[in-house]
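The task is simple: from the sequences and hints, build the whole structure.
Listed in order, the protein sequences are those of chains A and B. Residue numbers are given in the working numbering: position 160 of the first sequence equals residue 666, and the series is strictly consecutive. Residue numbers are given in the working numbering: position 113 of the second sequence equals residue 190, and the series is strictly consecutive.
Hint data in this document are derived by calculation from the structure and do not stem from the laboratory. Glycine included, every Cβ here is placed at the ideal spot set by N, Cα and C. All clues given are correct.
Computed from the model, here is a short list of chain A residues facing chain B with C-beta under 7 Å:
{"id": "1", "residue": "648"}
{"id": "2", "residue": "658"}
{"id": "3", "residue": "660"}
Pair by pair, the computed Cβ-Cβ distance ranges are:
{"id": "4", "chain 1": "B", "residue 1": "290", "chain 2": "A", "residue 2": "796", "range": "41 to 49 Å"}
{"id": "5", "chain 1": "A", "residue 1": "678", "chain 2": "B", "residue 2": "290", "range": "17 to 25 Å"}
{"id": "6", "chain 1": "A", "residue 1": "679", "chain 2": "B", "residue 2": "114", "range": "46 to 54 Å"}
{"id": "7", "chain 1": "A", "residue 1": "679", "chain 2": "B", "residue 2": "275", "range": "24 to 32 Å"}
{"id": "8", "chain 1": "B", "residue 1": "392", "chain 2": "A", "residue 2": "678", "range": "29 to 37 Å"}
{"id": "9", "chain 1": "B", "residue 1": "290", "chain 2": "A", "residue 2": "742", "range": "26 to 34 Å"}
Here's the letter readout for the chains.
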Amino acid sequence: MSARERLANARSGKLRPAARQSSENVALPIDNLELTADLMSVTPEKADSTTQVAGTAAHGRERLRLDDVSVFYGNTPAVKNVSLSISHGEVLALIGPSGCGKTTLLRTLNRLTELTPNASHSGQILLDGDEIDELVDTDLRSRISMVFQQPNPFPMSIFDNVGFALREQSRRRPRRPELEPLVNQALQRAGLYEEVRGDLGRSALRLSGGQQQRLCIARAIAQKPEILLMDEPCSALDPRSTAVIEDLIGQLSKDLTIVIVTHNLQQARRIADRVAFMYLGDLVEIGETEQIFTAPREQQTREYIAGVFG
Amino acid sequence: MLDRVRRPWSDHSAERLLGAVACLLAVGIILMIVFIVRGAWPTFSHEGLSWLGSGGSPDSQLGAMAYTSSKPPPSAFVVHAWPLIYGTILTAGFAVLFALAISLAASIFIVDFAPPLVRRTMKPIIRLLAAVPGVLYGLVGILVLVPLINKYLVTESEQQSVANVIQLTGGGLGITIVLVTLMITPIMTALITDALESVPRAWREGAIALGLNPLRATLAVSLRAIRPAIIAATGLAAARAIGEAIVVSMVSGGNSFAPNPADGKIFFFEPVETLGSEIVRVAEDLGAPAVHSTLYAFAALLLFSSFALSLSAYLVKLPLRRYQVSS
Ligand SMILES: Nc1ncnc2c1ncn2[C@@H]1O[C@H](COP(=O)(O)OP(=O)(O)OP(=O)(O)O)[C@@H](O)[C@H]1O
Ligand SMILES: [Mg+2]
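What follows is the structure, encoded as structure tokens:
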């Protein structure tokens, strides 16, 4: 399968998940970039999901399912027997004390742990029913995008950063006029467009930290992933930039599934539909945000939320 | 006294000392230029720039100069150095191209793909190779490689076909390019490896997280980010390739012939001479004023070329700096 076909699959799959595995939907005309731009506009189905109150059942169908997943560095487990499922359009926050395996779990979801030489995982991770280990890794990663803790813009212009994945994923390099609407749209969705519209040729490294992180979000959503992983995206930012990004997460969750790691419990409470609490590699508790914060079932969760440890 | 030395230097005096060293260096370079240009002056005044052109064999022209008197007439300075300039461009050009390809591939492998053990052993080995005195390559070339080429690669009929113009001995353009490539590749690899290692891991990881395969990520982000370093390394290697003299004079075939690509395969077995190797070969006749002046003219050209190389490397790098943080 060519990169372009994979992209076509990935994008069309977002709207027609039932047809993902069938080969007929490969024919989506990805050459017409404007058409794909249309595809990403919010569908009624997705708009619905946010108007409903948070909760598994209230959200769309299941996207990601973890069955008994353990992740090891060498022989040491960093994540132990985690099972959970994430549905379409929800924001799941992972919380827990430092070193409990949140980053490890997140990086397992897009198989980024494969870059760590001695890391391995057991158990099953299913994306729309497909075992992720059986998908092409580059394909998987353009469907499950990631924003890192430290903003990591590439040393290129703002435009080239946002257009990066689109350029690299297509066989015939799209030219600037073709990319422009997609890049602008991604910048708009990431809430950065107004600030940088004057000069997209400027070096991305000269943006402020908060702007850089929004640029990284724009870069991650430009190729229209289905799931966005965020690893403490606000930990390097001031309260104002944090507020901007929290708003943004609310906006993005209209048509994206988001898994976010955060150390900021208030933030988790503000933005998440559900919260998962991890401790020493175990998934201690997962539930509706309000339930976790007001009536946690487990003693450890209660103590963590009360600030007893972590 | 010791006390004074031990005391931390004020920024001011450190600045002054460094400034003085820099000035000394600049003065040294200027003196060298003056010295060389003065030595080359007779050639420039009698020949203008026409000595850069072609016509006849520089070998025989220099040979004739060796027998001119100590007060040679202007006609004694006639030389047409084009075959040497062409030979220099040819050997350095090919060698730099090959070295660039090899060192890019090697650095990418070492930094982003090799298992840690391989990486840890490769790096010191490359530094070691960079430190090998060039003349060793020349010895291996002349004692081992040239005879091998002569025995296995050059056929009798090929030797016959050009016998009335040149002798094919095994030495020549091909082996010269190979040895010069060998000499400049390690330092280029070391420089590019260092640059590649200084690229933040987060960039490449970010590209992989966007769905690029690891090689594409290296090419699209890391290699792109170190373009200035690649250009600088190439410039340095090119300057070294142009000036390489001893090794070339050992294996180049000893004839200032201009190899002709139209000759096909034997193009690479045809003898060649560079400006540097010609200086080495003719140095024993330096007593003759005309030879003296001509060799200085060659040296001036080499010096000028390496300045031009560093300057153009610098100019090419300028626009690339735009996206770096500090500039
Ligand atoms: N590359 C690695 N090799 C070996 N062990 C690792 C590696 N990365 C993480 N670990 C270990 O795995 C465990 C989980 O680490 P992880 O980074 O997932 O924690 P975290 O929950 O993200 O912590 P934090 O909140 O501080 O970011 C830790 O004990 C850590 O030491
Ligand atoms: Mg972490």
